[in-house]
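Q: What follows is the residue order along each chain.
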Amino acid sequence: MKFIVTSSELQKALTKISGVVPSKSTLPILENILFDLTKNTLKLSATDLEVSMSATIEVKGAEDGKIAVPAKRLMETIRALPDIQLVFHADLSANRIKMITETGEYVLMGEASDEFPTIPQFKAEEKLSLSGDLLRRMINRMIFAVSTDELRPAMTGMLLQVRETELRAVVTDGHRLVRINYTGIGKMKLKKDIIVPAKAMSLVSRSAEEGENTMAVDTTHVQFTFGNTTLTSRVIEEAYPNYEAVIPLDNDKKLTVSRDLLLAAVRRVALYSSSTTHQIRCTLKKNELRVSAEDMDFGGEAKEKVVCDYSAEDMEIGFNSTYLIDILSHIDSDEVEFRLSSAVRAAIVTPAKQKPNEDLLMLVMPMRLNV
Amino acid sequence: MPTSIYRELVVKVASKIRILQPELANKIAAGEVVQRPASVVKELVENSIDAGATSITIIIKDAGRSLIQVVDDGEGMSEEDALLAFERHATSKIATPEDLEAIRTLGFRGEALASIGAVAHVELRTRRRIDEMGTVIRIEGSELKERSGVGMEPGTFIAVRHLFYNTPARRNFLKTRNTELKNITDVVTRMAVAFPQIAWRYESDEEVLLDLRPVSREDRLKDLFGERQFEALLRVESANEYLKIDGYVGKPHFARKSRVDQFLFINNRFVINRAINHAVFQAYEHLLIRGMFPFYALNIELDPRKVDVNVHPSKMEVKFENESAVYRMVLTAVRKVLGASDSAPEMAFVEQETSGASVDRLRFANTWQSRPEIPRSPVSVPVDSTQFDLSRLFGRVEQRIEEERVERDGEATYPIDAGTDKGVPRERILQHTAQSATTGGTESGEARAIWQIHNKYILSQVKSGLLIIDQHVAHERILYEKVLSQFQNSLPTTQQLLFPHIVQMSASDYSLVKELQDDLAKIGFNVQLFGKNTVVIEGIPADVRVGNEARILQDVLDEFKNDEHHQTIDARDKLAKSFACKAAVKAGDKLTSSEMLVLIDQLFATQMPYVCPHGRPVMVKIPVEELDRRFGRS
Amino acid sequence: MGWDRVIGQERVKELLRRTIAGRKIAHAFLFTGGEGVGKEAMAIEFARVLTCAAQGSDACGSCASCRKADVLQHPNIRLIVPLPVGKAEKAGDDPLKGLTEDQITAVQEQFAQKAQNPYHRITIPKANFIKVNSIRDIRREAALSVVEGGKRVFIVPPADAMNAEASNSLLKTLEEPPSDSVFVLVTSQKEQLLQTILSRCQQVQFDPLGEEDIRRALVERYSVEGDQASLIARLANGSFTAALELLSSDLRAERQGVVQFLRIVLSGQRVALASAIENIIKGGDRVATTRWLRMLHVWLRDALVLREHGEDGVLNVDHSTDLKSFVAKFPRADLVAAMESVERSIALVDKNVYLPLVLTGLAIDLRRSLSST
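Residue numbers (this note's numbering), protein chains in the order written: chain S, 1 to 371; chain L, 372 to 1005; chain F, 1006 to 1378.
Honestly, I wouldn't trust all of these hints.
To be verified - When the alpha-carbon atoms are kept at most 30 Å apart in a straight line, the in silico DSS-like pairs for lysine-lysine are as follows:
no., chain 1, residue 1, chain 2, residue 2
1, S, Lys-24, F, Lys-1131
2, F, Lys-1102, F, Lys-1177
3, F, Lys-1092, L, Lys-961
Hints in this document: simulated from the structure, not taken from any laboratory.
Given the sequences, and given the hints that come with them, work out the whole structure.
A: Here it is in structure tokens:
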């Protein structure tokens, strides 16, 4: 196997995918990057068995072949080189790699390519194109509410639902839930639900490029393509909890309030909430929202009045202040809308004004108040 | 007590000895009884006490390897008895239960002497008051080497030389000189506490380690324990019309892995009674780690007719007429003293000579004196939310992801986030709290700080030194008391769940939930019984850590069922313990500085901050003096 | 075929082969039986067959999957072993996170050795139990779609090394078994496992290996000389791992100790006997004591063989001078009774009888039966 490439181009491609190389693993082969040369196309792949990434670059190919190259040593070498041309030459029978520059020669030992885990063969059942902005925006708005409880694996991922002209994304940790619907995304033939691990989604948010990206799904994998980089992730094969059933439809007490004012008030009052439960109390009267907290252990208390738009009957509801802060700081509209029903049922929070083609809904479970 | 152990050994060995040849049997028996120099000392000293000595001198050379010498002024022996003491073993055949019985009725003290004679060079000089001359007997490896008369004061002199000279394996088995000497010292100390009316002198390699006049028991304790150690003792005093309890118990950290430091006196006489032992032990209940035994020296005064001291020929075991009343009284008295004391264990004691510490110094009235001087947060912290945001400290990874996004993606910043979350370095916050410590009016002007090490322990400065807190047990204690108070006040905080957990249980767990349902609700569990062994968890206590909720109920139930050590305690207490144990932060959980502050604050607001509900210590205190001493500053 | 990599255990092989052929594979297996009889080797082979692309009841040995399984680099075959606790390791962390570079290397090396020799006993310094984070990792893994098709096999050796938290976590996984996954728990101490875990596994009992199996494996795989192989096979007590340990231990010195012991017994030197006994029991090591007794047993057997049949069949070939002089000196020794005493002693050691007593008793018995006239 032999090709010629500039060190900067190689480094650029390596940087894109090196994020998935695990630093610690019982499978030493994973600490390698697979080089696969076909004519003038070099495909670089890395995987941690959960997420695989690959990037292709054009090189001056001389001899096709495949070999696994130790990632750390390779990256360190390339990074230390000036921007120059180098000849990459691998002796596949001895797994010996030689990189030759004008002035130097670097030899490192690789591994046979067939020990490298198979990069999943992917047969797209559905494909849709999404802008990098949309992907990033979607993921960053939601990922805070992903569960880390491996006892409920489904909730450690993001549910993506493909529906005709709509893409729905859902995350929940059992206390909060975020759902975003995007409409006007092409026309899809299939109804498809997949759960993508949170880690893959974070990587997507980091790797998404300006302009069009595509997302494709098959039965066991999801694949995102950003320019010449692809990210393939295994999906979580578990039943997602029936989230639609827990989104209440009959919450008729509507509260509209300035996001900034409420967030600031909650943050201040929260300082006086119990340090273990973080509970704050929201008392609603006509056009008045009072946020209060009481620290049972040390006897401090705080309250704030926030002007709002509220005309339903008076009520009181308790929340974990950190949940409320999380939710409010992930909604970007001047005003937010709460729809409530009772002190023990879920509260719906939405931006008062949705972005075009976007429908964002957040749900937070209250804390039962001790009366 | 020691004799019964010996008897057990004899029985144990004897039952297996028959298959062996008799000479071999002697060898093994001797080896088993006389295991190390300390056991020789113990046997000899017990002989002296039995002989009614008022003064006993023990001289040790090379940790007993070359010499163990015990001299007393007791009643002495006749020449015949002295010979018999060595010979009995050699001629006896322990083959039948009757033989064993015979040994027991003859008194088996002499057995030890014979055993010692089998593995050492022993010189015995003894003279009764009525005899004009004393007797000298020299035995080497069970063989009589000399038998003659000698002029001497009444009493007994025994010198054991070249211990284990003929059993090299046993000799090689001895521990280091220091360990062996420590064992001997333990034996002598114990005897000295038990028999204050006897004068003791104890020398090792020509250095006088103890020289004690006959005194009252209290003075003996003071003489024996240096000032610092004496401080680890708590005075017990309690009386009613029938009996009076008086003496000392050790603070929990003074406990040992064996019962060597337990002394019970009835009307000033050393006795053994298992019930009283147990009463004291019960009083420590939560304070001791399993396998540890408390120090105590207690005298019980009561009408001699209410106690039978002749239950056992060795005259050490006693029986009370009304044992349960005595039991309860001891339990109550000791428990009371322990509850009122500062039980934070201190590290390493300084060996110091006594300086007449008064008894009052033993009372530790101020339970709170070791509370760390750090600001109470969040209440007393002057809050300025534009400078820092406490919620950030409690925030989780997701928030950081969000921040990262904000930093990378300048386009979508939110006005408020940008103002507060970014750019406040953590040091600033620490500095802030540190400052509020100085302005907050604590007596010292220095700033305080706390650290977490190994994600397991919290270090903090206190007035008298350094405090080390185990975060898991500390939290356990907090939750435990919180739950107990919730049972009283019924003020739970329940986080409602979006997706109720439907849990299929075993029939026994189901009925347990049914039984405990009200109490579980008071902790904060919103649990519905669904029939068919199925429960639905709709809400969980708000302080359960995220990721724990699906299993917390089952964990608590399991812990509840498994907690066999505390079967006697009522169900609520057990439930509180189980919940506390399962919901507490674990060793290995990283805590932010403000979380640590909160933890410490809450800990010292509990009634017993020093031990967790299961009896493990919560904190260890290292006094400044100890640090000074270690750094050679004293 | 592939199953040949496992020594003996024909009954178990047949059972597993039929299970695979019947396509009725349980979600969880429990391989039980003594130390070193090949449970882990069998589990690995079983996993290899289950992941093989050919999907037969034997591993084809040539597909990419088999090749990866051969070197234990197959992504769908996971060995869950005790690991050291990482620095600042928290609940939910990757079990390898927080381990030092050296520790990771040690883990990888042990896996490599295991790949080379499935009878290798994985020992990682400071790894005392299977961490709950390792079990959590399984849950995460098991929830994901399968990487390369076929089954996913989680091997847990030794399952008794799971602490309570890990056991409970695994139990929850076994209660709702993930699709396409097979768990193989391996233990020689079944009673240490939770009853609830036992009841969820199909149990497969392994027998001690036959002497002939061990002997042949030693000759074929380790080129051990016939006599020594027979001797080791006899001493190994049905455990191939023990045989490998014996192979690398100083057998000569230990056997010299046997001769020395007999000399002392027959000469009646009591003091020397006491210290000899102390030497043998090594502070109460029952395994070592048993091994020593087996050596004694073989030595007495050799004496018997020599006396009745001549030198052919003697295992302690290098001791023939000692053996001959022994037989000449004690021609009427009741060797059968002596061997029976040794057997009784082995049983007593197993029953936790106080070791010095066992050996002292044995010395008396031996003296009687060997010097009988």
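Q: Identify every previously stated hint that the structure contradicts and give their numbers, smallest first.
A: none
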